[in-house]
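Colleague: Using the hints, build the complex out of the two chains.
As given, the protein sequences belong to chains A and B, one line each in that order. Using this note's numbering, the first residue of the first sequence is number 6, and each one after it goes up by one. Using this note's numbering, the first residue of the second sequence is number 31, and each one after it goes up by one.
Calculated from the structure, these hints are not laboratory results. Predicted model, so just to flag it, every value in this text is computed and none were measured. Please note that a few of the clues may not be correct.
[What the hints assert, rightly or not] Derived pair list, reagent style SDA-like, types lysine to any residue, alpha-carbon separation capped at 25 Å:
1) A:Lys110 <-> A:Gln16
2) B:Lys41 <-> A:Arg43
3) A:Lys110 <-> B:Glu89
4) A:Lys110 <-> A:Gln14
5) B:Lys87 <-> B:Thr101
6) A:Lys110 <-> A:Thr32
7) B:Lys87 <-> A:Asn36
8) A:Lys41 <-> B:Thr116
9) A:Lys41 <-> B:His133
10) A:Lys41 <-> B:Glu89
[Stated by the list, open to error] If you want the footprint, here are the derived chain A segments under chain B, 3+ residues with CB under 8 Å:
11) 48 to 55
12) 100 to 106
13) 109 to 118
Just so you know, even glycine gets a beta-carbon here, dropped at the ideal spot from N, CA and C.
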Amino acid sequence: GQQVMQIPQYQHVQEGEDFTTYCNSSTTLSNIQWYKQRPGGHPVFLIQLVKSGEVKKQKRLTFQFGEAKKNSSLHITATQTTDVGTYFCAGINWNSGYSTLTFGKGTMLLVSP
Amino acid sequence: DAEITQSPRHKITETGRQVTLACHQTWNHNNMFWYRQDLGHGLRLIHYSYGVQDTNKGEVSDGYSVSRSNTEDLPLTLESAASSQTSVYFCASSEGTGDQPQHFGDGTRLSIL
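The shape of chain B in the complex, shown without the other chains (with noise of 0.2 Å):
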């Protein structure tokens, strides 16, 4: 069955380092997604990929950069860990042209001390 896999599922860092989360899916979606999740906010969009070589910045995405060499990987990028960037982070892929209903990762808990 097709899925969509999110790694580390849990991570604990320090303020300052680099931190990448990966995101792989096998739907064969051409669109993917990154969200935070945080309480009293909901899901916010940092940034979203339309296809390879295609990136967009979401509603959040000051302090995160994705790249997209593949139809399958999205990973994210926390050039420099802040506290305020602890948070739960959720992987989307979707199909056509992104209207369709998005395929949720299981999330990454990522702390920042």
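Next up, chain A with everything else stripped away, as it sits in the complex (with noise of 0.2 Å):
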């Protein structure tokens, strides 16, 4: 089955510097979506990316989509401690119509003052 893959698994940095995570997937993804969840609460949808080469942006934070569609990564420009957190993409798996996801397994950020 898909695989999706993240790196780094874990990144401290401090205020100010920036972050970026990286997500590969074994296949072809139809969309990638990525999502955000602070300590101690549930994760959070941030974006979904559907087009090859995609790049969106949300203030601080960039998201591109892979021209190949097999790989996505989120950057975050001068990090705050609001920042903190998991960030997971997911890869959407399609059957007879409809949808799951897969996680990645997540990159964990951490930001100092």
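Modeller: In structure tokens form, the structure reads like this:
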């Protein structure tokens, strides 16, 4: 079945530094979603990418979908302590017209003030 | 506001007991999902449902069952709890064909002694 790999597993940065997490799939993805989970919280949807080479921005967050639709990245510019949490990518699997998500293992981001 | 509620939030039980975790959503979503989250494994899909009377096995379904008798609820049952099922369990729901964002509950932390 589909496998989604995420690196790094963990990153510790100083506030103001940039951060990037990478997601790679063993198969071509139709769509990819990104979620954020704060410590002790639940995953919260951030964005969905659909088109090859797509780039979307949300304030300091930039999301990219690779040209081959097998990889994606999330880049945070000038991190803040509010960015702390685990970031997950999730590839979409289609089955008879319905879909499920395969999540990567996530990248845990710690930001020191 | 629409929401998705899981209960209980915490539970401790013994091996061999039957345990049922509740999930109730007021989004009126057709799609509901159960995941378990373990350190080093991210979120793994246990069971899912695309509508009333529909249930499907996910990646890690052994030892778990679900039933869908109405749109709002998808209870997850551990027929005979095992220590390997100690985990944090998340319920989620989504609309449409399933490639829409998933809305997660706050999770149930289950410990099996």
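Colleague: Each hint needs a verdict: does it hold in this structure or not?
Modeller: Going down the list of hints, with the structure as the test:
{"no.": "1", "hint": "A:Lys110 <-> A:Gln16", "verdict": "holds, 14 Å"}
{"no.": "2", "hint": "B:Lys41 <-> A:Arg43", "verdict": "holds, 22 Å"}
{"no.": "3", "hint": "A:Lys110 <-> B:Glu89", "verdict": "holds, 14 Å"}
{"no.": "4", "hint": "A:Lys110 <-> A:Gln14", "verdict": "holds, 8 Å"}
{"no.": "5", "hint": "B:Lys87 <-> B:Thr101", "verdict": "holds, 18 Å"}
{"no.": "6", "hint": "A:Lys110 <-> A:Thr32", "verdict": "holds, 17 Å"}
{"no.": "7", "hint": "B:Lys87 <-> A:Asn36", "verdict": "holds, 22 Å"}
{"no.": "8", "hint": "A:Lys41 <-> B:Thr116", "verdict": "holds, 23 Å"}
{"no.": "9", "hint": "A:Lys41 <-> B:His133", "verdict": "holds, 12 Å"}
{"no.": "10", "hint": "A:Lys41 <-> B:Glu89", "verdict": "holds, 22 Å"}
{"no.": "11", "hint": "48 to 55", "verdict": "holds (count 4)"}
{"no.": "12", "hint": "100 to 106", "verdict": "holds (count 5)"}
{"no.": "13", "hint": "109 to 118", "verdict": "holds (count 3)"}
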